[in-house]
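Chains as they are written, first to last, in the numbering used here: chain A, 1 to 338; chain B, 1001 to 1317; chain C, 2001 to 2345.
Just to be clear, a hint being listed does not mean it is correct.
For the chain C half of the interface with chain A, some residues (derived, Cβ under 8 Å), not all of them [as the list claims (entries may be wrong)]:
{"hint": "1", "residue": "Asp2052"}
{"hint": "2", "residue": "Ala2102"}
{"hint": "3", "residue": "Ile2106"}
{"hint": "4", "residue": "Leu2150"}
{"hint": "5", "residue": "Thr2161"}
{"hint": "6", "residue": "Ile2167"}
{"hint": "7", "residue": "Gly2168"}
{"hint": "8", "residue": "Ala2171"}
{"hint": "9", "residue": "Ile2172"}
{"hint": "10", "residue": "Ile2194"}
{"hint": "11", "residue": "Glu2272"}
{"hint": "12", "residue": "Ala2332"}
The list that follows gives simulated cross-link-like pairs (lysine-lysine, DSBU-like), each with its CA atoms no further than 30 Å apart [stated by the list, open to error]:
{"hint": "13", "chain 1": "B", "residue 1": "Lys1049", "chain 2": "C", "residue 2": "Lys2206"}
{"hint": "14", "chain 1": "A", "residue 1": "Lys40", "chain 2": "B", "residue 2": "Lys1281"}
{"hint": "15", "chain 1": "C", "residue 1": "Lys2206", "chain 2": "A", "residue 2": "Lys275"}
{"hint": "16", "chain 1": "B", "residue 1": "Lys1133", "chain 2": "B", "residue 2": "Lys1187"}
{"hint": "17", "chain 1": "B", "residue 1": "Lys1053", "chain 2": "B", "residue 2": "Lys1072"}
{"hint": "18", "chain 1": "B", "residue 1": "Lys1287", "chain 2": "B", "residue 2": "Lys1187"}
{"hint": "19", "chain 1": "A", "residue 1": "Lys275", "chain 2": "C", "residue 2": "Lys2249"}
{"hint": "20", "chain 1": "B", "residue 1": "Lys1122", "chain 2": "C", "residue 2": "Lys2206"}
{"hint": "21", "chain 1": "B", "residue 1": "Lys1072", "chain 2": "B", "residue 2": "Lys1165"}
{"hint": "22", "chain 1": "C", "residue 1": "Lys2158", "chain 2": "A", "residue 2": "Lys332"}
{"hint": "23", "chain 1": "B", "residue 1": "Lys1152", "chain 2": "B", "residue 2": "Lys1163"}
{"hint": "24", "chain 1": "B", "residue 1": "Lys1281", "chain 2": "B", "residue 2": "Lys1224"}
{"hint": "25", "chain 1": "C", "residue 1": "Lys2249", "chain 2": "A", "residue 2": "Lys332"}
{"hint": "26", "chain 1": "A", "residue 1": "Lys332", "chain 2": "A", "residue 2": "Lys275"}
{"hint": "27", "chain 1": "B", "residue 1": "Lys1148", "chain 2": "B", "residue 2": "Lys1287"}
{"hint": "28", "chain 1": "B", "residue 1": "Lys1163", "chain 2": "B", "residue 2": "Lys1053"}
{"hint": "29", "chain 1": "A", "residue 1": "Lys332", "chain 2": "C", "residue 2": "Lys2154"}
{"hint": "30", "chain 1": "B", "residue 1": "Lys1275", "chain 2": "A", "residue 2": "Lys40"}
{"hint": "31", "chain 1": "B", "residue 1": "Lys1152", "chain 2": "B", "residue 2": "Lys1087"}
{"hint": "32", "chain 1": "B", "residue 1": "Lys1148", "chain 2": "B", "residue 2": "Lys1087"}
{"hint": "33", "chain 1": "B", "residue 1": "Lys1179", "chain 2": "B", "residue 2": "Lys1133"}
{"hint": "34", "chain 1": "C", "residue 1": "Lys2206", "chain 2": "B", "residue 2": "Lys1112"}
{"hint": "35", "chain 1": "B", "residue 1": "Lys1184", "chain 2": "B", "residue 2": "Lys1229"}
{"hint": "36", "chain 1": "B", "residue 1": "Lys1122", "chain 2": "B", "residue 2": "Lys1165"}
{"hint": "37", "chain 1": "B", "residue 1": "Lys1072", "chain 2": "B", "residue 2": "Lys1112"}
{"hint": "38", "chain 1": "B", "residue 1": "Lys1114", "chain 2": "C", "residue 2": "Lys2206"}
{"hint": "39", "chain 1": "B", "residue 1": "Lys1133", "chain 2": "C", "residue 2": "Lys2206"}
No lab work stands behind these hints, which were simulated from the structure alone. Quick caveat: nothing in here was measured; it's all calculated off a predicted structure. Every residue gets a Cβ at the ideal spot worked out from N, C-alpha and C, and that includes glycine.
This is what each chain is made of:
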Amino acid sequence: MRSLIKKDSSKALLFAGFIVLMLVFFMLSISLGQTSISLKATIHAFLQFDESDPNSVIVMTSRLSRALIATVVGSSLAISGALMQALTRNPLAAPDLLGINAGGLFFIVISIVFFSTESLTGYMWTAFLGAAIAGMLVFLLGSIGRDGLTPVKIVLAGAAISALFASFTQGLLIVNEQSIQSILFWMAGSVSGRSIDMLIPVLPYILGATIVALLLGRSINVLLSGDDIAKGLGQRTLLLKITMGVLVVFLAGGSVAVAGSIGFVGFLVPHIVKKLVGPDHRWVLPYCAVVGASLLLAADLAARFLIMPQEVPIGVMTAVAGAPLFVYLVRKGLKTGG
Amino acid sequence: MFKKSFWSLLVVLSIVLLAACGSNSSNGKSDSKEKTRTVESAIGSTEIKGSPKRVVTLYQGATDAAVAMGIKPVGVVESWLEAPTYKYLRDDLKDVKIVGQETQPNLEEIEKLKPDLIIASKIRHEQIFDQLKEIAPTVATETVFTFKDTVKLMGEALNQEDKSKELLTKWDDRVADFKEKAKKDIKNWPMSVSVVNFRADHARIYQTGFAGSILTELGFEGPKNVKDKKQDIITLTDKESIPQMDADVIYYFMDDQDKAVEKAYKEWTSHPLWKQLDAVKAKQVHKVDEITWNMGGGIIAANMMLDDIYDRLGIDK
Amino acid sequence: MAKTYTVRSKGGRISFQFSKRTFSILLLLTAIAFGLFIFSLSMGSRFIQPVDVLLHLIGQGEGNSFVLNTLRIPRTLLAVLVGASLAVSGLILQGLIRNPLASPDIIGITSGASFGAIMFIVFWMGTVPIAYQSLWAIAGAFAVSCLIYLLSWKKGVKPITLVLMGIGISAIMKACVTFTLVLSDTMTTTKSYIWLTGSLYGSTMKDVTAMLPWVMIILPIVMVLARTMNVKELGDDLATGLGVKVQAKRLFFLLMSVTLAGVAVAFAGGIEFVGLMAPHVARMIIGRSFIALVPASALVGSILVMLADLVARTAFLPLDVPAGVFTAAIGAPFFIYLLYQQRNR
Chain A
1 MRSLIKKDSS
11 KALLFAGFIV
21 LMLVFFMLSI
31 SLGQTSISLK
41 ATIHAFLQFD
51 ESDPNSVIVM
61 TSRLSRALIA
71 TVVGSSLAIS
81 GALMQALTRN
91 PLAAPDLLGI
101 NAGGLFFIVI
111 SIVFFSTESL
121 TGYMWTAFLG
131 AAIAGMLVFL
141 LGSIGRDGLT
151 PVKIVLAGAA
161 ISALFASFTQ
171 GLLIVNEQSI
181 QSILFWMAGS
191 VSGRSIDMLI
201 PVLPYILGAT
211 IVALLLGRSI
221 NVLLSGDDIA
231 KGLGQRTLLL
241 KITMGVLVVF
251 LAGGSVAVAG
261 SIGFVGFLVP
271 HIVKKLVGPD
281 HRWVLPYCAV
291 VGASLLLAAD
301 LAARFLIMPQ
311 EVPIGVMTAV
321 AGAPLFVYLV
331 RKGLKTGG
Chain B
1001 MFKKSFWSLL
1011 VVLSIVLLAA
1021 CGSNSSNGKS
1031 DSKEKTRTVE
1041 SAIGSTEIKG
1051 SPKRVVTLYQ
1061 GATDAAVAMG
1071 IKPVGVVESW
1081 LEAPTYKYLR
1091 DDLKDVKIVG
1101 QETQPNLEEI
1111 EKLKPDLIIA
1121 SKIRHEQIFD
1131 QLKEIAPTVA
1141 TETVFTFKDT
1151 VKLMGEALNQ
1161 EDKSKELLTK
1171 WDDRVADFKE
1181 KAKKDIKNWP
1191 MSVSVVNFRA
1201 DHARIYQTGF
1211 AGSILTELGF
1221 EGPKNVKDKK
1231 QDIITLTDKE
1241 SIPQMDADVI
1251 YYFMDDQDKA
1261 VEKAYKEWTS
1271 HPLWKQLDAV
1281 KAKQVHKVDE
1291 ITWNMGGGII
1301 AANMMLDDIY
1311 DRLGIDK
Chain C
2001 MAKTYTVRSK
2011 GGRISFQFSK
2021 RTFSILLLLT
2031 AIAFGLFIFS
2041 LSMGSRFIQP
2051 VDVLLHLIGQ
2061 GEGNSFVLNT
2071 LRIPRTLLAV
2081 LVGASLAVSG
2091 LILQGLIRNP
2101 LASPDIIGIT
2111 SGASFGAIMF
2121 IVFWMGTVPI
2131 AYQSLWAIAG
2141 AFAVSCLIYL
2151 LSWKKGVKPI
2161 TLVLMGIGIS
2171 AIMKACVTFT
2181 LVLSDTMTTT
2191 KSYIWLTGSL
2201 YGSTMKDVTA
2211 MLPWVMIILP
2221 IVMVLARTMN
2231 VKELGDDLAT
2241 GLGVKVQAKR
2251 LFFLLMSVTL
2261 AGVAVAFAGG
2271 IEFVGLMAPH
2281 VARMIIGRSF
2291 IALVPASALV
2301 GSILVMLADL
2311 VARTAFLPLD
2321 VPAGVFTAAI
2331 GAPFFIYLLY
2341 QQRNR
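Only chain A is shown next, with the shape it has when bound in the complex (with noise of 0.2 Å):
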């Protein structure tokens, strides 16, 4: 596969821009909003923190906590776009197109509905249990019929399953009317209102899921030439696939479990970065990491200012703005493997 950069010294010069670039918009996140706060008062805010002060305030609850939701969330959800593409070794797979977000989505409802849940362990833990589920159910959809997965057929798959959890979640609401009130907000994907301790309980998971993951760009290399190839190499494909799937619950569903339903995100990135830099994925899941931070730290600046006071869902923003690079990519036409 042909990408854009060839040299592996210009791909990490590449990365170290993207990190750049992914910084600047995590500042700009912090000093850009409703009330416009100078750069030096946001380093002031850092070094000693004023608890009267509303600048100071603001900085270290909701900006600092937004962006690094944000970042966390961006990454993870590229990272695991990435792992199922190169999983299921279709490039149309991603946690919002084949209903894991969904399933997420859902069981937490279940969960605030019928179990009152409150906590965020508690979310994270129902938000993996529904992405498990509802991965599972995909994947066996998508497999009947004598042809095996092929790319249409898992699509199709996610798509059902998406549209039956999505079905349920609706049907709850409204059976239960004051509840829609309470999540519709957080159900359109929101990154806002959620100070730091409700990342708290997520992260370690998705920290250890993001290195592993990149410890095992290697691996998915030699997985992508083919499973007889790989085996043939002595490598344990079905445990590198388990593996990979749960990497994927935990990434997607403790995006879900914090942020709501966030989609595009883990689709478009692995395509952009597979276009940068090739197919090798000891470059990819990195690149993701920091592309898709960027990306949504990008998304959550606009969603804020587009209609002040008032926020756009930033699941809204990545739909609106991730859309036509989708029917660019999809006119293009979408290479296979990795």
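Use these hints to put chains B and C onto chain A, whose structure you have.
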């Protein structure tokens, strides 16, 4: 022959259709010698005979108004909270049948009660106006929270206009009284007001609607920093937007039972931006009942809301 | 062969051929549908004896006319029509895209209709007669389907492109809908949610007569053209070789599918899964012959929606729950059963 079964199905369908169209018997057995009046409302012209006794109210405000006028409906729709009926109305609504939800009242249940008057609202029930008209004479308001229109319409429809006029005059008197006393007793009159609702994942400012319209009538002004005065609900997700809530007095309500809401409330109100709001500094932040201020939607609720306002501002009634 | 029936028109241009077995299954389905129809008409807040229902239908009944004529009959009839339309729409799509998982909701037709309907609810409800809501829904379905088709066009339309484009555009439409709902007042949100779930509440005879012509015209057309569908299922190359003008026919079938789905959704809201489930169930019972699948799917779809609506309006009395909640609830076990059944095929 498959063809046969298809055609036979077609025939059956046609029979059913013809039968349905054919036996379109009208219900009106007009042998009553009482006066027939025509009442104009959002549904059009409605002919009502005499004084209806069996009333079905299809929205919260109408249920409230019925009780205010001393009438016990035969059927009401479920309340949003405290189902099946709000506690403040419950004693007067014993044994009243529930006919479903305000959004989708059950037409068969309504028909079962054989009412002679139905009070509906265009914004909720436009879709079933034709069906309602077939069951009983139906009148409708445009929307649900204009409680004065509701009272007036019900007075007309029920042929009890003296009672409705009385209720409305009492209201107007109270409003005038409040305005006078406010001008005298409150230093910074007219005050600006914010009606805030705390929820688990966001907060809202209610500008127009039930509470908003009453506050405007009483002479209050809207929140100081909100630019779009016409927007009925402003959704705030980030605590940065707390300055939008700024006003001389803040009335807030929330769902007490929900622990997530409690937690959110604590977070919003401990933020330094909150402490800088005028109302907070003047200690004019008051908690009110969600049901009277937002859900009841009727004249009794309105009066209770006015009581609240008198009390919180320290004015004698 | 004594096992088949053949229907031929003069000149042999139109001919159907199917087995006795198929015929008896269709007859059975029709009987079940009719039985459910009568049963539905007897159930509700007040139970009406099925015998009385039958008498009423032939004009000999007494009383119950409001409940039956104004409420139950239109509603149940609409359920039949909606179920049949969605089922056949799904069947066509599954044949076109050559995939058993295609359906109008997944491809984006429903999301276009939703967008149209929600726009109406948010901006024009109350100021414009509610009858326009259906028009907006149909317009939305067509507009979005055109968009999806045009965007997929690249010297022709490949099934997989259509699918992906549909899913993508669907996601955008849903995002726009969510955006609008999050910012609107509670009343609009509730109304919209009910519409999105799918509900037959408040159906009138007017709705039935508005929808009937579409179904009556399109279903037979689909059956007559069904032959070409069977061939197309064999794949592009073979189809072109046998002289079928692939693109044109494809477009026409797509158009019919969109119309059926659009009209169904316009009257019943975003009822989901019927288009996905019904053809499957029909296929499990009848097999692969497309010609027989059309009436079979239609019947299964009708049964599904009638059942869902029946449960929706009687299980939680006095509440009247939107039927869409139950099409998903009934659809899912079938789906899983299907998975289980087919795992070895």
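Hint by hint, here is what the structure shows:
1. Asp2052: 32 Å, violated
2. Ala2102: 6 Å, holds
3. Ile2106: Since the shortest Cβ distance to chain A is 4 Å, the answer is holds.
4. Leu2150: This hint is violated: leucine 2150/C lies away from chain A, its Cβ roughly 11 Å from the closest one there, beyond 8 Å.
5. Thr2161: 6 Å, holds
6. Ile2167: 5 Å, holds
7. Gly2168: Holds, because the Cβ-Cβ distance from glycine 2168/C to chain A comes to roughly 4 Å (cut-off 8 Å).
8. Ala2171: 5 Å, holds
9. Ile2172: 4 Å, holds
10. Ile2194: 7 Å, holds
11. Glu2272: 5 Å, holds
12. Ala2332: For alanine 2332/C, the interface hint holds, since the closest Cβ of chain A sits about 6 Å away, which is under 8 Å.
13. Lys1049/B / Lys2206/C: 29 Å, holds
14. Lys40/A / Lys1281/B: This hinted pair holds, its Cα atoms lying about 29 Å apart.
15. Lys2206/C / Lys275/A: 55 Å, violated
16. Lys1133/B / Lys1187/B: Violated, at roughly 53 Å.
17. Lys1053/B / Lys1072/B: 9 Å, holds
18. Lys1287/B / Lys1187/B: Between lysine 1287/B and lysine 1187/B the Cα gap is close to 22 Å, so the pair holds against 30 Å.
19. Lys275/A / Lys2249/C: Given that 30 Å is the threshold and the Cα spacing comes to 37 Å, the pair is violated.
20. Lys1122/B / Lys2206/C: 20 Å, holds
21. Lys1072/B / Lys1165/B: Holds, at about 19 Å.
22. Lys2158/C / Lys332/A: 13 Å, holds
23. Lys1152/B / Lys1163/B: 9 Å, holds
24. Lys1281/B / Lys1224/B: At roughly 15 Å apart (the allowed maximum being 30 Å), lysine 1224/B and lysine 1281/B satisfy the hint.
25. Lys2249/C / Lys332/A: Holds, at about 25 Å.
26. Lys332/A / Lys275/A: This hinted pair holds, its Cα atoms lying about 12 Å apart.
27. Lys1148/B / Lys1287/B: 25 Å, holds
28. Lys1163/B / Lys1053/B: 15 Å, holds
29. Lys332/A / Lys2154/C: 10 Å, holds
30. Lys1275/B / Lys40/A: Measuring from Cα to Cα gives roughly 24 Å; hence the hint holds.
31. Lys1152/B / Lys1087/B: Holds, at roughly 24 Å.
32. Lys1148/B / Lys1087/B: Answer holds: lysine 1148/B to lysine 1087/B is near 22 Å, not above 30 Å.
33. Lys1179/B / Lys1133/B: Given that 30 Å is the threshold and the Cα spacing comes to 42 Å, the pair is violated.
34. Lys2206/C / Lys1112/B: Distance of about 24 Å is within 30 Å: holds.
35. Lys1184/B / Lys1229/B: 27 Å, holds
36. Lys1122/B / Lys1165/B: Holds. Lysine 1122/B to lysine 1165/B sits at ~23 Å (cutoff 30 Å).
37. Lys1072/B / Lys1112/B: 17 Å, holds
38. Lys1114/B / Lys2206/C: The hint holds at about 25 Å.
39. Lys1133/B / Lys2206/C: Distance ~16 Å between lysine 1133/B and lysine 2206/C Cα, so the pair holds.
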